[in-house]
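Colleague: Each chain, written out:
Protein chains: 2
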Amino acid sequence: MHFRPQFALLLIAGVHALAQAPVDSQPASSNVRGAAFPRIHTDRRVTFQVKAPGARNVQVMPGGGSNGLGKGPFDMAKSPDGNWSATIGPVQPGFHYYWLLVDGVPANDPASETYFGWGRQSSGIDVPDLALDFYEPKNVPHGDVHIHWYSSNVTGKMRRAFVYTPPGYGASARTHFPVLYLQHGAGESERGWTFQGRANFILDNLIAAGKAVPMIVVMDNGYATRGDAPPTAGQRGNEAFGEVVIRDLIPEIDRAYRTRPDRLHRAIAGLSMGGGQALATGLGALDTFSHIGAFSGAAGRNMDLKTASGGVFTNAEALNKRLKLFWIGCGEGDSLFPGAKRMHEELGRAGVRHTWWEGPGLHEWQVWRKHLHAFAPLLFR
Amino acid sequence: MHFRPQFALLLIAGVHALAQAPVDSQPASSNVRGAAFPRIHTDRRVTFQVKAPGARNVQVMPGGGSNGLGKGPFDMAKSPDGNWSATIGPVQPGFHYYWLLVDGVPANDPASETYFGWGRQSSGIDVPDLALDFYEPKNVPHGDVHIHWYSSNVTGKMRRAFVYTPPGYGASARTHFPVLYLQHGAGESERGWTFQGRANFILDNLIAAGKAVPMIVVMDNGYATRGDAPPTAGQRGNEAFGEVVIRDLIPEIDRAYRTRPDRLHRAIAGLSMGGGQALATGLGALDTFSHIGAFSGAAGRNMDLKTASGGVFTNAEALNKRLKLFWIGCGEGDSLFPGAKRMHEELGRAGVRHTWWEGPGLHEWQVWRKHLHAFAPLLFR
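Taken in sequence, the protein lines are chains R and V. Heads up, the numbering used here is the position in the first sequence plus 915, with the first residue counted as 1. Heads up, the numbering used here is the position in the second sequence plus 915, with the first residue counted as 1.
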């Protein structure tokens, strides 16, 4: 990467945004080809810039309240050439959704890639953590992520899954692999774990280091409604997801890929909404799954172990025999953390064997990358 | 699909945008999940709507002068609830880039998917042609599109290609396939032929009907610069693409996929800038390629057959022996059409055997879908 200082000291009176010379900065990896901004400084401040001569007001708006860019909106300052700039931070490392507010209207930053989140294509910025490289592309063999289209009997529509196959999958035509079903969060899509989460690079690196067994990872869309019962008001549009997994997705994956099609070689996990779906689908089908993971505390908030998941927790001994891995994690800065931790404690009191992860982090992808990195090595052992 | 009339007659005085009751309309297939707008009417008018209470002026802007939505910008009209609407058209069938102008600032429509074009993520709308379904997903076997990461010695960086494998590729581990290298246009990316062009569905349908031989289609990014020579001002950033194809991409694809690694089973084609790259790369390496296609007239504008491509056209007999297919096409409404047609005529006079396509169409994806649909059946026969 080259350091290209794009502008000298900007002096603008009467505005709050800091616009300083980014002499020690470089374009974010999430920028589109050739875009000089956003720029990430060595101290993890970030400078945004956009051309908007006709706007009265432009701001940088982080996506949601649990966002490593901080609480927005951040005012941008206008220069005589019509460019608006702001330097914020230092910010947290990791992937953060954001958008610009142009006269109050949410607009993507043309200089950044878009990522499906918040129910639409949102701008995103990936801020490196210089102490972590487990999710960076390295000089190791890379697996493919297949975009896989299939017909769903449950929804009556075509669906699309992203399917990671491990390095060498194409060559070793006789080897069959275990499968992890891995779900995104609310407002996201089947694309999230690849483009925001970098699940493929996390697995590439773990497999190359011998820390995870080679596996297929199926990332489907968590939204699904029955074809014969359109969603009614108040529903989230994800009501038929579990049924799609059992009736459509697993048979399709076992048909189209070289899998080991039994419960011992099948796991399900997810983040936030996807974590709740993994718990509901996995615990409801222990003849299908033997490994379950819930990232960032979904469904932990008000869980009653007596009634949850059809009472499966009331017989800890039976559950412990069936479940090879029950994994729960949450970032300490996540508003769901207290509920997740309470679930961990209640499971412990009930004698349900499980693995608990806690550590710094918000309700954001950087935590979920860490979760996958901790979870995947424990699978299929 | 359900017809859901979302609003009744909008009466707004003093504005130019037509806002009528879309009782015979439905959401575009390019909308994000659940978005009611943009809506496509049965007469191919399109109604756009966006919430922008703080904006003084909002317009719909088609991407470029050769766009099936027509010449913009189109004014939107504000309703008391802060929604802005416009109904335009009837528009041309096909995929069209567009964006909104919010107080003059380009902003994506949050209701539409984004597609990499114009050097950034742009909104897009796909308007069906009721007379054509060759690019629609049908109830036939579907191939996967692999997202494939590889290291380039030429650029010194990691690159990403999209690779279509035909239906059954995963199952029939002994079959090897011919390969088409297929390139996007300027300002686009390796994603274009899948998400804008629907190359995978075009091939699925052709293969299911027995009209094309099963093949692998490699769609790489057309931008590449040498790692040891950063681009200088005035360059497009695509200067090293041909070298990447020959030195990095083809060896990588022949290593990672079950190909037939010889010139008779290798084709290269592209649209616009990618057509020029296909001509330059293909004609410059006839020991590597035997089929070449140029969609939408790239490089045809001022071609001198005496000097073009190292003089390869001066010996028509030798060229005709080497080239199994030389395919050129252009839409009649494309500003490049006269140049492309002149190239076709000069090739004819020079005795260079080739296939020529002309028909209605602009410099847009609908023509390139038709080109691929006409071109692919002629390959590897």
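Derived from the structure by calculation, the hints contain no laboratory data. One should not assume that every hint holds.
A pair counts as met if it fits within one copy or between any two copies, since identical chains are not told apart.
Dumping the calculated DSSO-like pairs for lysine-lysine here, alpha-carbon to alpha-carbon at most 30 Å [said to hold, decoys possible]:
no.	residue 1	residue 2
1	LYS966	LYS993
2	LYS966	LYS1256
3	LYS966	LYS986
Colleague: Against each hint, give a clear statement of whether it holds in the structure.
Modeller: Outcome of the hint check:
no., hint, verdict
1, LYS966 / LYS993, "both (9 Å within a copy, 25 Å between copies)"
2, LYS966 / LYS1256, "neither (46 Å within a copy, 40 Å between copies)"
3, LYS966 / LYS986, "both (23 Å within a copy, 23 Å between copies)"
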